[in-house]
Amino acid sequence: MSATTELLNNNLKALKNWRVWFHLGMADIRNKFARSLVGPLWILLNLTLWVGGIGTVYAALFHQEVQSYLPFLTIGFVVWGFLAQTITDGGNAFVFAEGYIKQFTYPKQIYVLRVMVNATVPLAIGTTIFFVVMLIFNNPIGLGALWSLPGLVLLLIAAYFHASIMAYASVRFRDLPHGMTSLLQVLMFVTPIFFPVKTLKERGLDFIYQLNPLYYLIEVVRHPLVFSEPASMEIYEITAGYLVLLFVVLIAVAKRFDKRVVYML
Amino acid sequence: MNSSPLSITVTDAVVRFQVGNADGQTLKGFLASLKNGPGGRNVAPFVDALKGVSVKIVAGERVGLIGHNGAGKSTLLKVMAGIYPPVAGTAVTHGHVCPLFEFATGFEYHRSGWENIRIRGMLLGMSPDEIEAKLPEIAAFSELGNFLDYPVRTYSTGMFVRLAFAVSTAVNPEILLLDEVMGAGDLSFTEKANKRMREFMDQGKILVFSSHSMELLTEYCNRTIWMDHGVIREDGPTADVVQHYKNSVLSPARV
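Note that the protein sequences, when read in sequence, are chains D and Y. At position 173 of the first sequence (counting the first as 1) the number is 214 in the numbering used here, and the numbers step up by one without a gap. At position 144 of the second sequence (counting the first as 1) the number is 149 in the numbering used here, and the numbers step up by one without a gap.
Just so you know, the hints here were simulated from the structure itself, not pulled from any lab data. These numbers were taken from a predicted model, which means no experiment stands behind them. Some clues are possibly wrong.
Here are the simulated EDC-like pairs of lysine to aspartate or glutamate, each with C-alpha atoms no more than 16 Å apart in a straight line [claimed, not checked]:
1. Y:Lys-33 <-> D:Asp-216
2. Y:Lys-56 <-> Y:Asp-17
3. Y:Lys-197 <-> Y:Glu-142
4. D:Lys-143 <-> Y:Glu-179
5. D:Lys-239 <-> D:Glu-47
6. Y:Lys-61 <-> Y:Glu-224
7. Y:Lys-210 <-> Y:Glu-179
8. Y:Lys-251 <-> Y:Asp-233
9. D:Lys-73 <-> Y:Glu-120
10. Y:Lys-56 <-> Y:Glu-179
11. D:Lys-73 <-> Y:Asp-17
12. D:Lys-300 <-> D:Glu-47
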């Protein structure tokens, strides 16, 4: 069995054992809010406050209508949060699971999937808030919004690849999750989340989003939801290309590190 | 469960640990090693925990592992469990393996004993329904009582052992790999654990366990492997191997 086939088999085996990673991921969420009064409701409160506060101020700052700006900001920020969390937490997926990896024979990928569960809960809650915001402002939602579903699939795959790459690489380089946290903080403000992409275009700063793969991953979900129509073809093409690139990198990294992870922990 | 006969086959297995220089773990250390080139201070030394070990264990065998600390007993168990992939050689195991190693790791410290039973059960291959069905039995065997409602960070080492042992043996494994766990429970629990081990062995499954207790080895194992500095020093009937080991440890001219 070639190393690549074995890796793919391990990934499939991990996916099939969804009960294990789903349970671990949900336990993490409960754990995070243990002994707090409202529990995971904090995710909802945080997001609502954040979007309400920042949204109204920034709408004025960027001369946007609150009615269209708030939904745009909400969904962009929520997807961004998902991407950022899967990248940084992905980096800790194997490191934090050391006790399990050294004792149990499950494919390591379940610990990456656990991180995915962890990050998907805020994504789901955030998307709900987006729909509430749309309703409050009486914005129309058409059937075209369903285009966000294939977008979501692309987003999930990309996030899984990101998290897996980070999981392997961070076992070798323990600085990586910290470094990514810093980098993502900066990236958040240059990625078109707070401002529409046309403000960059108007100033001839197109390269800022064109070189940012995370922008495309946001757009495949955000555009259909906000405008009830598919994103432009170019967005899908670049996203697909980026996924292929991630896959190649992941296979290379996993081939090199998969068998060594347990020794490096 | 697959019908092929239970077996563990380890062939010329080599396990290598990178030790010493932790600089290699950081980005800074890595960059420094690029700058200094190989041969600089960052070249990490290796320790071969296993230096070409071959073992074949078949259904019904109860195998003991002895040897001084660091001889490679735990490493060999982990190779058998499929946790350490050998860097050279192969390890093939047929049968549902249930490892029980380094208790007190692999717990969710802030979760209750109940929750940890569920998680461990799942990681050992039980379905949620199976676990729920076996919860009372596991709880009873562990004798932890009300402590199961508390977060496991409040547990003592002995309590971790009770919990881990209760779960691991409840999954009804075909191959049980134990790493010096029997010593840590108190007297009454050790009695219970012994009883369960005997039941397990009567079913013709494979048991491999490492221990420093010659009494336990003599009682349980028909075969014993003496590990010494990452190689097998002797592999044979327990009575002989234990005797030779004792002689070697007690004699002044020991290796």
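Hints violated by the structure (listed by number, smallest first): Of the numbered hints, 4, 5, 6, 10 and 11 do not hold.
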